[in-house]
Amino acid sequence: MDGRVPSERNTKAFWQKMKDLLPGLIIPVLILAAWSYYGNGSFLPSPSAVFNVLLHPAEDILSCGSLLWNIGVSLVRVLLGLFIAIVVGTPFGFMMGANNRFRKFTSVVTELARPLSPIALLPLSIIVFKDTSFTEVLGLNSLKYTRHILNELQIGMIFILAWGGVFPIILETMHGVRGVRKVYVEAARVLGASRTFIFRHVLLPASLPDVFTGYRMAVGRCWMVIIAAEMLPGTNSGIGYLLRYSYQLSRLDIMLACIFIIAVIGFVFSRGLEYAGDRWLLLRARER
Amino acid sequence: MISFSFLGIEKSYSDPSGKNLQVLGPVDLTVESGQFLCLLGPTGCGKTTLLRILSRLESADSGKISMGSGNLGYVFQQGALFPWMTVESNVMFPLKAKGVKSGLCRSRAGEMLRNVGLYEFRRSFPHELSGGMQQRTALARGLVTEPDILLLDEPFASLDTRTGIHLQEMLRKLCRSLSTTVVFVTHNIEEAVYLADRIAVMGHRPGRIVRDETLSLKWPRDRLSSDFTGVLLSFRQTFEELVDQ
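As they're listed, the protein sequences go chains A and B.
If you're matching positions, the first sequence starts at 1 in the numbering used here and goes up one per residue.
If you're matching positions, the second sequence starts at 1001 in the numbering used here and goes up one per residue.
Any given hint might turn out to be false.
What the hints assert, rightly or not - Distance ranges between label pairs, derived from CB positions:
{"no.": "1", "chain 1": "B", "residue 1": "1021", "chain 2": "A", "residue 2": "100", "range": "21 to 31 Å"}
{"no.": "2", "chain 1": "B", "residue 1": "1099", "chain 2": "A", "residue 2": "22", "range": "50 to 60 Å"}
{"no.": "3", "chain 1": "A", "residue 1": "181", "chain 2": "B", "residue 2": "1018", "range": "27 to 37 Å"}
{"no.": "4", "chain 1": "A", "residue 1": "124", "chain 2": "B", "residue 2": "1021", "range": "49 to 59 Å"}
No wet-lab data here; the hints were simulated from the structure.
Keep in mind it's a predicted model, so treat the numbers as computed, not measured.
Virtual Cβ for every residue (Gly too), placed ideally from N, Cα, C.
If we strip away everything but chain A, and leave its shape as in the complex, we get (with noise of 0.2 Å):
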């Protein structure tokens, strides 16, 4: 233990961070310099135009609400498509790892399904959904004609999303499950434990590990689904639609704003699921 405060040490952790950062950042401030030494004139609008636009986020934007607004319209998205997946992925995975009968049933499906990218499934969702939102399925009707985020959750939408993110689950989650150690469950078998016991005690936790990466992958596929979703017909909201509807009225100030933040958004899923899992499950579950 050096004598130092818990707080000093803190700060010389976090400037050691930024330290570790910096090298990053370099080729993001030279784009940025060229850009505003020649962007002057060409087609592109200067930076400080789009920074503008980033720097009032809450301000109404070609009257398709605010950036905040469209940006919490994706995410919701994602988040419910997301959840989706979880809450399906993960049993069906497990049921795939543990049992070999289920697997052979099911993996002819599985594999056929999941190089179907849910793009492609858009027509027919849309076709099989319309544009019903959660605002007719749950019957709030009064809610129809106000702006309020039941309206932008269609079904159709949602279920290409779960789509997109219920494989990498169920794939992870089923390696992880066959992963598991032979000699953990025999050990376990040994001890006595029953396979109800069995499940919840070893493969369970033995294999968190994996499903996590299912969990982060998925995340991931979301994201990008969603913002090729919001881009076709069909939806007037989401981050993704004002990328396209900026496009179409060329206010490419607003269009380079919507790519940043969703290359931002994109980043901080992926690192901040990697954090958590380091934090909670991967040191843990992992022989070292």
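Since the structure of chain A is already known, use the hints to place chain B on it.
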């Protein structure tokens, strides 16, 4: 009283080309309650398979096993501790699996951890412990239910000699105090002669018992005494004849 017995146990596997390969048998073995039996034999002679058949991880092709009660403890070669559980949770595992109440689990695991000298480390994770401490945890986990029979599969093979000797003494003492029947698989002759009441030497292809002897060495055993080295040399000779075959 008889603890368990094997009668004409046989086991074969089919190799990749589909040929039948007999690995075991026939094996006849009867072990008395409270006896410390060492199964001694060269690598690949089917000692582990015999242990796995006894613990019902595998089934025999033919033959009969009779066993009093089925309460078994098992210590694997590399411990096989659950890396996501603390030392204490690992030791509590067999109790919980048998439905023992949580409070009682904790107190019994604590007691067993004191016996192996790891009580202070109960909140550590296996990877934070040395190899010897991990095997002590595995030993505590194997003994915490006070099993009638404790099976050990070369538990100290990966440890250095000093640690191994220390653990041998600990094991011997613990099993004596709990009057557990022990089947200890090893290819280390000195270990077997030091620990065992009885040594069964196994030959290979197919694995069967070629020498079965109850030792007359008194306790405490002195590894440097002439009695000890005499027995050791006699078993070494049997062993070398086996390997030469």
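Going through the hints against the structure:
no. : hint                         : result
1   : 1021/B <-> 100/A: 21 to 31 Å : holds, 25 Å
2   : 1099/B <-> 22/A: 50 to 60 Å  : holds, 57 Å
3   : 181/A <-> 1018/B: 27 to 37 Å : holds, 28 Å
4   : 124/A <-> 1021/B: 49 to 59 Å : holds, 55 Å
Violated hints are absent here; each numbered hint is respected by the structure.
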